[in-house]
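Visitor: Two chains, each in its own frame: build the complex with the hints.
The listed protein sequences correspond, in order, to chains F and G.
Going by our numbering, 29 is the number at position 29 of the first sequence; the sequence numbering is gapless.
Going by our numbering, 1015 is the number at position 15 of the second sequence; the sequence numbering is gapless.
There could be a bad hint or two in this list.
[To be verified] DSBU-like cross-link-like pairs, simulated, lysine-lysine; straight-line CA separation at most 35 Å:
#	chain 1	residue 1	chain 2	residue 2
1	F	57	G	1098
2	F	57	G	1110
3	G	1049	G	1110
4	G	1049	F	9
5	F	9	G	1098
6	G	1098	G	1049
7	G	1049	F	57
8	F	57	F	9
[As the list claims (entries may be wrong)] One-sided and incomplete, this derived list gives chain G residues near chain F with beta-carbon spacing under 8 Å:
#	residue
9	1028
10	1032
11	1043
12	1050
13	1094
14	1101
15	1105
Hints listed in this document are in silico derivations from the structure and should not be mistaken for laboratory results.
Model, not experiment: these values are computed from the prediction.
We put the CB at the ideal spot given by N, CA and C, even for glycine.
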Amino acid sequence: DSGVTQTPKHLITATGQRVTLRCSPRSGDLSVYWYQQSLDQGLQFLIQYYNGEERAKGNILERFSAQQFPDLHSELNLSSLELGDSALYFCASSAQGNIAGANVLTFGAGSRLTVL
Amino acid sequence: AQSVTQPDIHITVSEGASLELRCNYSYGATPYLFWYVQSPGQGLQLLLKYFSGDTLVQGINGFEAEFQRSQSSFNLRKPSVHWSDAAEYFCDVRQGNKLVFGAGTILRVKS
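Only chain G is shown next, with the shape it has when bound in the complex (with noise of 0.2 Å):
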């Protein structure tokens, strides 16, 4: 069966500090690849996304994530992450008429 898997259920880092989000899928070819930011209380915001193309793909407030086909993975990353970045990401991954979102990433932002 499809999935998509988030490992890190939480995450805390320094500010200023990279970050690396780690989402994988299974998959049998090539899906759609996005990653949305949920602040508290908040939607669901888009940051990125990937259909074909560079690998890497650069997206709102610094963002950025890489397509690697041979890891079947799409990790988000961020150089130095800011305080306001405290939040919830989701990866969302599709194939076909399959629309899958990971469990979430909490991100916490340590002064």
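Okay, chain F solo, but in the shape it has when bound (with noise of 0.2 Å):
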């Protein structure tokens, strides 16, 4: 157990619908990041938030969005999914704010979406 929880594990909807993951950040760490898996795209970087607030933005698509609640918990929404979401979402915390450098990130088991 790497202290990063994420929930569902697995997430089945449809077309058009939307849908929140949500990952609870290891004890202490400030930094959340979300990442897509996708066999065809490997894996990227979508956004990460420090302390509440956005603090970098990655290849996010306009139909997704995240927030950071006051106890660090992040959400991230996906809304009019397409067949082409499908993926594994990953959510990632550290202690440090800054995305890069010797920061290390600790990954969570992932959520697995399918859009059918």
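Guide: Following this line, the structure appears as structure tokens:
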């Protein structure tokens, strides 16, 4: 157990729907990162939050949004879902706010989204 | 543009044989370098990291990696592979505020 908790583990939905993925960071970590992993795109960085504020943005679609709450858990909202959104969505956390450098990320087990 | 290349998509080795997974990058200065492992159905777990100093770094589970500046490489090695090492391995290269993962190498271990 890495200490990063993601729910749900699996989710099956239909095109056009909206889903919310939840992440609780490791105790003491202030940063949360969201990644999308698919067979054709590999591991893609979506967005980072640090202590409630957006810190960095990657290849996140406009249909996707995220936020980090005062208790530091984060939610990734995916709307108007398309078949191509089917992927594993990972959350990672770290103590520091800088996205790169020597910052060690701790990953959750992921949420597998299937869009039919 | 900065890039990270893991040239081998799949590698198959026999149990007990040695292993080397390649990672090359194109960055101007020495970046921070990491290797992660992802077992089926799991998230990424940190194996080892290099920031500076000794270019040969030791990680968990008997893995090591060597930073070679002249080759712009950070290859992962293990002297004797175990069946439980079958997984996907990702190189993570960072410089400035950029964090880029390689495409991954899937390791298969045959008995």
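Visitor: Enumerate the violated hints, using their earlier numbering and listing them in ascending order.
Guide: Structure breaks hints 2, 9, 12, 15.
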